[in-house]
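Protein chains: 2
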Amino acid sequence: MKITYYLQQKEAHTNARLGKIKTNYGTFETPMFMPVGTKANVKLLTPEELYDMHCGIILANTYHLWLRPGEDVIKKAGGLHSFMNYKGPILTDSGGFQVFSLAKNKAKDITEEGVHFKSHIDGAPLFLTPEKSIEIQNKLDSDIAMSFDECPPYPVTYDYMKKSVERTLRWAKRGKQVHNNPNQALFGIVQGGEFEDLRRYSAQETVKMDFDGYSIGGTSVGESKEVMYRMIDYAIAYLPEDKVRYLMGVGDPVDIIEGVIRGIDIFDCVLPTRIARHGQAFTKYGKINLHNQKYKEDFHKIEEDCDCYTCKNYTKSYLRHLIVTDEVLGGRLLSIHNIRFLIRLTEQIRKAIQTNALLEYRKEFLENYQNKNVTKS
Amino acid sequence: MKITYYLQQKEAHTNARLGKIKTNYGTFETPMFMPVGTKANVKLLTPEELYDMHCGIILANTYHLWLRPGEDVIKKAGGLHSFMNYKGPILTDSGGFQVFSLAKNKAKDITEEGVHFKSHIDGAPLFLTPEKSIEIQNKLDSDIAMSFDECPPYPVTYDYMKKSVERTLRWAKRGKQVHNNPNQALFGIVQGGEFEDLRRYSAQETVKMDFDGYSIGGTSVGESKEVMYRMIDYAIAYLPEDKVRYLMGVGDPVDIIEGVIRGIDIFDCVLPTRIARHGQAFTKYGKINLHNQKYKEDFHKIEEDCDCYTCKNYTKSYLRHLIVTDEVLGGRLLSIHNIRFLIRLTEQIRKAIQTNALLEYRKEFLENYQNKNVTKS
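From first to last, the protein sequence lines stand for chains A and B. The letter at position 96 of the first sequence is residue 92 when you use my numbering, and the numbering goes up by one with no holes. The letter at position 108 of the second sequence is residue 104 when you use my numbering, and the numbering goes up by one with no holes.
Among these hints, one or two may not hold up.
If several chains are the same, the list does not tell them apart, and a pair holds so long as it fits within one copy or across any two.
Below, simulated BS3-like cross-link-like pairs (lysine-lysine); rule was C-alpha separation at most 30 Å, straight line [unchecked claim]: (1) K71 - K283; (2) K18 - K6; (3) K83 - K308; (4) K280 - K6; (5) K297 - K6; (6) K128 - K347; (7) K128 - K221.
Keep in mind the hints are simulated off the structure, nothing from the lab.
Make the full structure from the sequences, and use the hints.
Below you can see the structure in the form of structure tokens.
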């Protein structure tokens, strides 16, 4: 069985949707934030810790797993769920984003056939094509696979973006033709940068190919928030209501709220785990940095009303001590809090959708979140 | 209440003892291996993970906690148990070992009053005395505090060691005089290097001061195994039977067995967690290195009959992948296995003592452990 998306409710005053996604590894509600497990693990965390956070789905990176340990090792292990012992839904990206962002010295050669580039590990020459990306993902046996796309830098000219969008459409078609895993859904990706007509064209042509869901890419590559939100609006108008919509690489709390308001269902981002390893924690009043001297004797939790393992058990004083002394347990405990913070955010968003009160929720959230000078953070 | 040691059984053919230690934070059986939580955490692990491993007691480092966050912060937090949220017994060392091993550029000046040295963090001048060490440990509020001793390098002359032993005895006395925490036991430390008469003298004079327990120090600073075991024999002959005996800084599986046979009750060592972070795991056939290519498609557990979280859930193939790709979860999972391995070792030792079969147990263990070329490891 591939995934099934159930649209359950549309919010009265926005384009927000309440839904659920059924997979072979369980059902989860949307909107949902998806933690990133780059190399077949969400950094520092076990599957059980992710279940405890009510994590709906995680993402793993095809590019990294292709290089190490290799898709054939994971296939022999019985697929990615079995390899990493994760019993919930998994989405794999296409490898495209990593190829375009990690390729050594940015030396890459994009041809119609695929992309020639060098390994970020040892500089070895590599060649990734739409067919290869899908073949790897078929072997990884994730619940959701992504089409191989080009994610152009920002800014590029209209002409470059037009050619790129057209090539990405041809790549999507080629990938779909070779996709061969009856248990795996395949999503199409809308690109087009900041150009309204290219976003529309990309969305309409991708939808014509009838994917199991659609994602919007290239919105977080350096533009302002306003441009990002506009790009979502441009694309989402042409996506079908009965399919999942996934905004790639976005995980800032405010962006999640704005994305949901525009009709997005799932989000992924390395932000919560990356800032955790650098000593930062989300709070309803904004991010705090545990390196700060003022937490040295602060024996309160990060958030008194948070239900995560970290807030149930540790003070800011102790967490600061771990962060300041480079004890990795600190990054682990902050990762738990930050992921749970974003998942709780989506829980609160779902509740607000149910009562058609999402705009009020945004107003209240922004009032707190912007107010970073409060004493009791 | 201070700790109480109950001697339950003596093994028929060796000096091994079965006992238990009652503390304000729970009772545990001996012989026991004690994981090291240097900076108020056993690296990468939570208290719950330590409870799950049936960990009897952990060690924390006075020197590190004195520097960061400082003993007054921990006192304000309600003591070390509360600060790190660990609900089991904790032993703190005296800081002496770190002063003598970590002191920046080995620049230290040992006087009768105490030791002048430089911080390993920022080179700031520091002065640690027997009184200061005990005062810090009183504030940390651990269940067991250690006397401040000199741990001389190896080798030193007889004359140096004699003077050092005499000073350590004077330091032990000064520490005992200022010790002022009714909930905390205080242990004396036997030094004396490889010199039989100095070990005897150190043991006898330390015992005269009537501590709550005794440890044997300086046995693992570079000598051969035979010398180490001899030093234990020299000292232990003069330690009272009704008090705990603790062999400091020793955690190699074979050394634990040999120590128990000689009458040791508790052991500590960074070995299981340190080698874990470097990709090594204990097995009954010896240590294995997960970097090894041969584990790439090895879908067996590290040890099929191990009951640790790691062996219940992960294959060597997955653990190798985490280690090879520098994912810290790998070190975390191997730390769990390695600590549990040593605690299981002490469980098996206790069982062997009960049936007066410790020598047979050693024979069987060594036959397996030396045989590192077996295929099924």
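Intra- versus inter-copy proximity for K6 and K18 (alpha-carbon distance at most 30 Å): within (19 Å within a copy, 61 Å between copies)
Intra/inter-copy verdict for K71 and K283 if alpha-carbon distance must be at most 30 Å: between (40 Å within a copy, 28 Å between copies)
Copy assignment of K128 with K347, given that the CA separation must stay at most 30 Å: neither (41 Å within a copy, 56 Å between copies)
K280 and K6: within-copy, between-copy, both or neither at 30 Å Cα: within (26 Å within a copy, 59 Å between copies)
Within, between, both or neither: K297, K6 at alpha-carbon 30 Å: neither (36 Å within a copy, 48 Å between copies)
Up to 30 Å CA-CA - K221 versus K128, copy category: Classified as neither; 34 Å inside a copy, 56 Å across copies.
Alpha-carbon proximity context of K83 and K308, limit 30 Å: For K83 and K308, both the intra-copy (25 Å) and inter-copy (15 Å) Cα distances are at most 30 Å.
The structure does not agree with the numbered hints 5, 6, 7 stated previously, though it agrees with the rest.
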